[in-house]
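Student: Single-letter residue listing:
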Amino acid sequence: QKEVEQNSGPLSVPEGAIASLNCTYSDRGSQSFFWYRQYSGKSPELIMFIYSNGDKEDGRFTAQLNKASQYVSLLIRDSQPSDSATYLCAVSLSGGSYIPTFGRGTSLIVHP
Amino acid sequence: NAGVTQTPKFQVLKTGQSMTLQCAQDMNHNSMYWYRQDPGMGLRLIYYSASEGTTDKGEVPNGYNVSRLNKREFSLRLESAAPSQTSVYFCASRSADYQPQHFGDGTRLSIL
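As they're listed, the protein sequences go chains Y and F.
Sequential numbering from 1 applies to the first sequence in the numbering used here.
Sequential numbering from 1 applies to the second sequence in the numbering used here.
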C-alpha cells in the first residue's frame with residue numbers, strides 16, 4: 001500500500017528557531033510533493049510545492065526533496081507563534097491520475 | 001476572487017436524512033475532489049472528477065454519490081446519512097496533474 005508518513009507531534013519550538021517538519025513516502029515513482037498549512041477549524045492552505053531533488057526556498061520556508069531516500073521536509077526559519085498549525089504533506093503517487101495522498105499531519109507549536 | 005466555494009458551511013442531519021453538499025470553482029480547473037477529514041485520520045479521498053463528464057471512486061466512497069454538473073460544479077450527495085458520516089468535508093480543485101490542489105473552506109456535517 002502506498003503511504004505518506006508524518007510524525008504527528010506536537011513539535012514544539014521557541015519563537016525565532018528553525019522548525020523542521022519531515023515526511024516520508026513509500027512510492028518511488030512519486031512525482032509531485034506539496035506542503036499545506038492548516039489552522040484549527042480552517043481548510044488546508046498551500047505553502048509550497050516541489051518537483052525536483054534539492055531545495056526550494058520561498059521567504060521563511062524551504063522545502064527539501066530527496067527522492068533517493070524518499071523523504072521531503074519543510075523548514076521554517078525564524079518561527080513565529082502565528083506559524084502554530086498542523087502541516088500536511090501530500091505526495092502525488094505514480095499511476096492513475098496522480099491524485100495526491102495526504103499524510104496525517106504534524107502539529108507545530110511555536111511558543112514565545 | 002472566490003476560488004473554491006462550498007455550501008453549506010454547517011449542517012446537522014438526523015440519521016437517514018439525505019442532503020447534497022455543493023462545490024463550485026471559478027479557476028477553470030479540470031479536476032475536482034471531495035475529501036473528508038476526521039480527527040487523527042487526515043484527509044481521505046471520497047470521490048474525484050478528473051475532467052468534466054467523469055467521476056471515480058476514492059478511498060472511502062461507500063455511502064456517497066457525486067455529480068460533476070459542469071466544469072465549475074461538483075456535488076456530493078449523502079442518500080441516507082449515518083452517524084459515521086459526521087465529519088468535515090472539503091472540496092478541492094486543480095488545473096492539471098502535478099499541480100497543487102486548492103481547497104474550499106469546508107462543510108462541517110453532524111449526523112445525529
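Keep in mind the hints are simulated off the structure, nothing from the lab.
Take the hints with a grain of salt, since some may be wrong.
[Stated by the list, open to error] Here are the simulated SDA-like pairs of lysine to any residue, each with C-alpha atoms no more than 20 Å apart in a straight line:
#1 Y:Lys56 / F:Gln11
#2 F:Lys9 / Y:Pro10
#3 Y:Lys67 / F:Pro39
#4 F:Lys71 / Y:Ile99
#5 Y:Lys56 / Y:Gly41
#6 Y:Lys42 / F:Pro39
#7 Y:Lys42 / F:Thr7
#8 Y:Lys56 / F:Gly40
#9 Y:Lys42 / F:Lys9
#10 Y:Lys67 / F:Val12
#11 Y:Lys42 / F:Lys71
#12 Y:Lys67 / F:Ala2
#13 Y:Lys67 / F:Lys9
#14 F:Lys9 / Y:Glu3
#15 Y:Lys67 / F:Phe10
#16 Y:Lys42 / F:Asp38
#17 F:Lys57 / F:Gln11
#18 F:Lys9 / Y:Ile99
#19 Y:Lys67 / Y:Ser84
#20 F:Lys14 / F:Ser80
#21 F:Lys9 / F:Pro100
#22 F:Lys9 / F:Tyr98
#23 F:Lys9 / Y:Ser40
#24 Y:Lys56 / F:Tyr98
#25 Y:Lys67 / F:Asp26
#26 Y:Lys42 / F:Tyr98
#27 F:Lys57 / F:Lys14
#28 Y:Lys42 / F:Pro100
#29 Y:Lys42 / Y:Pro10
#30 Y:Lys42 / F:Phe10
#31 F:Lys57 / Y:Asp55
#32 Y:Lys42 / F:Ser80
#33 F:Lys9 / F:Gln99
#34 Y:Lys56 / F:Ser80
#35 Y:Lys42 / F:Lys14
#36 F:Lys57 / Y:Glu45
#37 Y:Lys42 / F:Lys57
#38 Y:Lys56 / F:Arg44
#39 Y:Lys42 / F:Gln11
#40 Y:Lys67 / F:Arg44
Student: To test your reading of the hints: which numbers does this structure violate?
Tutor: 1, 2, 3, 5, 8, 10, 11, 12, 13, 14, 15, 17, 18, 19, 21, 22, 25, 26, 27, 31, 32, 33, 34, 35, 36, 37, 38, 40
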